[in-house]
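Novice: Top line first, the protein sequences correspond to chains A and B.
Start counting the first sequence at 0; every next residue gets the next number (numbering that gives the first Met the number 0).
Start counting the second sequence at 0; every next residue gets the next number (numbering that gives the first Met the number 0).
Among the clues, some could well be false.
[What the hints assert, rightly or not] Non-contacting residues of chain A with respect to chain B, defined by C-beta distances greater than 12 Å in every case (computed):
{"id": "1", "residue": "Glu-12"}
{"id": "2", "residue": "Val-71"}
{"id": "3", "residue": "Ser-90"}
{"id": "4", "residue": "Asp-104"}
{"id": "5", "residue": "Thr-118"}
{"id": "6", "residue": "Ser-122"}
{"id": "7", "residue": "Leu-123"}
{"id": "8", "residue": "Glu-136"}
[As the list claims (entries may be wrong)] With a straight-line Cα cutoff of 25 Å, these simulated DMTMM-like cross-link-like pairs (lysine to aspartate or glutamate) come out:
{"id": "9", "chain 1": "B", "residue 1": "Lys-32", "chain 2": "A", "residue 2": "Glu-112"}
{"id": "10", "chain 1": "A", "residue 1": "Lys-58", "chain 2": "A", "residue 2": "Glu-112"}
{"id": "11", "chain 1": "A", "residue 1": "Lys-3", "chain 2": "B", "residue 2": "Glu-48"}
{"id": "12", "chain 1": "B", "residue 1": "Lys-122", "chain 2": "A", "residue 2": "Asp-138"}
Derived by calculation from the structure, the hints in this document are not laboratory data.
Even for Gly, the Cβ is constructed at its ideal location relative to N, Cα and C.
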Amino acid sequence: MTAKNDVLKFVVESLHMAIEHVGPNVFSYDFDTFTPGLLPYVIVKIEEAEASESSTFRKVYRNIGVSVGIHVSSLYDDAIEVLYAVRKSVSTLIENGAKPATIIDFNELGASEIEEDLTTERSLLIQTIGFNFLTRETDH
Amino acid sequence: MIHPTLVILKQAADLIRNNTDGIKQTFFLGDNKQYSDLPQVTIGGGEEEIEPYHNKYIVNLSLRLTWHFVGNETDNLEKFNQIMADCDSKIKSIVGVHSINESEATPITRIEGIEIALLTCSKTYSVKYIRSRGF
């Protein structure tokens, strides 16, 4: 599963390396270490969708889906502007980041509808963006 | 440079805020809304389907307007429909996109269970535009 690890590592490191460029209090966390006090934050959640095939050259190709969740607190004025600023930064970082050799192509898939979570003391804006990575590795 | 989707959402808000009679307040999702000044409209949606197109992306954006009206003025339904039609024409005048189509609309319904009487209605538009990869 080298390719999946490469994709995960690439996405997390791309976002983590650029903390100061994305804005104040922006971090990348695993989805199970999520801390609402540090908003806005970016949750990186890997959802894998494999489609593998082997060729005569013993290469395995996979489509690996990555979801990046963005949560913004309405503590900020114009929370929607903060949300789209973080979104733009995430897209730019992933588009322009130096990718490992196992990633041969990728594209953005889309974004979920913006959710307004009114159950917390301060409402949250939540949107998830999806990317697809095409990877190639040697079939052993 | 701001995200192209936000450019479209802000353009929608400016067109409605500055050019639509009858709307007292225009909000985005996440804004602190007060139901004291009605009618009002909230701009939301934001779902995107993205397709690669040469070295760019074609984006199908879902833009939703949600209106709130004072609920006990049921004899003003004609006025509410006129306000929604005005907003509709403003959305259709957004520039910088390839197409705008209505995709879904809900009837005017009463919000139950709250002290003040509110009517609500929403309409969703499908907006198609092209943007570059990675900005």
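Novice: It remains to establish, for every hint, whether it holds in the given structure.
Specialist: Going through the hints against the structure:
1. No beta-carbon of chain B comes within 12 Å of the beta-carbon of A:Glu-12; the shortest separation is about 17 Å.
2. The beta carbon of A:Val-71 sits about 7 Å from the closest Cβ of chain B, which is not more than 12 Å, so the claim that it is off the interface is violated.
3. Once the 12 Å rule is applied to beta carbons, A:Ser-90 is inconsistent with being away from chain B; the minimum gap is 6 Å.
4. The Cβ of A:Asp-104 does not lie farther than 12 Å from every Cβ of chain B; its closest approach is about 9 Å, which violates its non-interface assignment.
5. Taking the minimum C-beta to C-beta distance to chain B, about 14 Å, the non-interface status of A:Thr-118 holds against the 12 Å cut.
6. The Cβ of A:Ser-122 does not lie farther than 12 Å from every Cβ of chain B; its closest approach is about 7 Å, which violates its non-interface assignment.
7. Here A:Leu-123 does not stay apart from chain B, with its beta-carbon only about 8 Å from theirs, under the 12 Å limit.
8. Look at A:Glu-136: its CB is around 23 Å from the nearest CB on chain B, clear of 12 Å, so calling it non-interface holds up.
9. Of the supplied pair hints, the one linking B:Lys-32 and A:Glu-112 holds, its CA atoms being roughly 19 Å apart against a limit of 25 Å.
10. Of the supplied pair hints, the one linking A:Lys-58 and A:Glu-112 is violated, its CA atoms being roughly 37 Å apart against a limit of 25 Å.
11. For the suggested pair A:Lys-3 and B:Glu-48, the alpha carbons sit about 24 Å apart, so the restraint of at most 25 Å is met.
12. The straight-line distance between the Cα atoms of B:Lys-122 and A:Asp-138 is roughly 51 Å, outside the 25 Å bound, and the hint therefore fails.
Hints 2, 3, 4, 6, 7, 10 and 12 from the earlier list are contradicted by this structure; the remaining hints agree with it.
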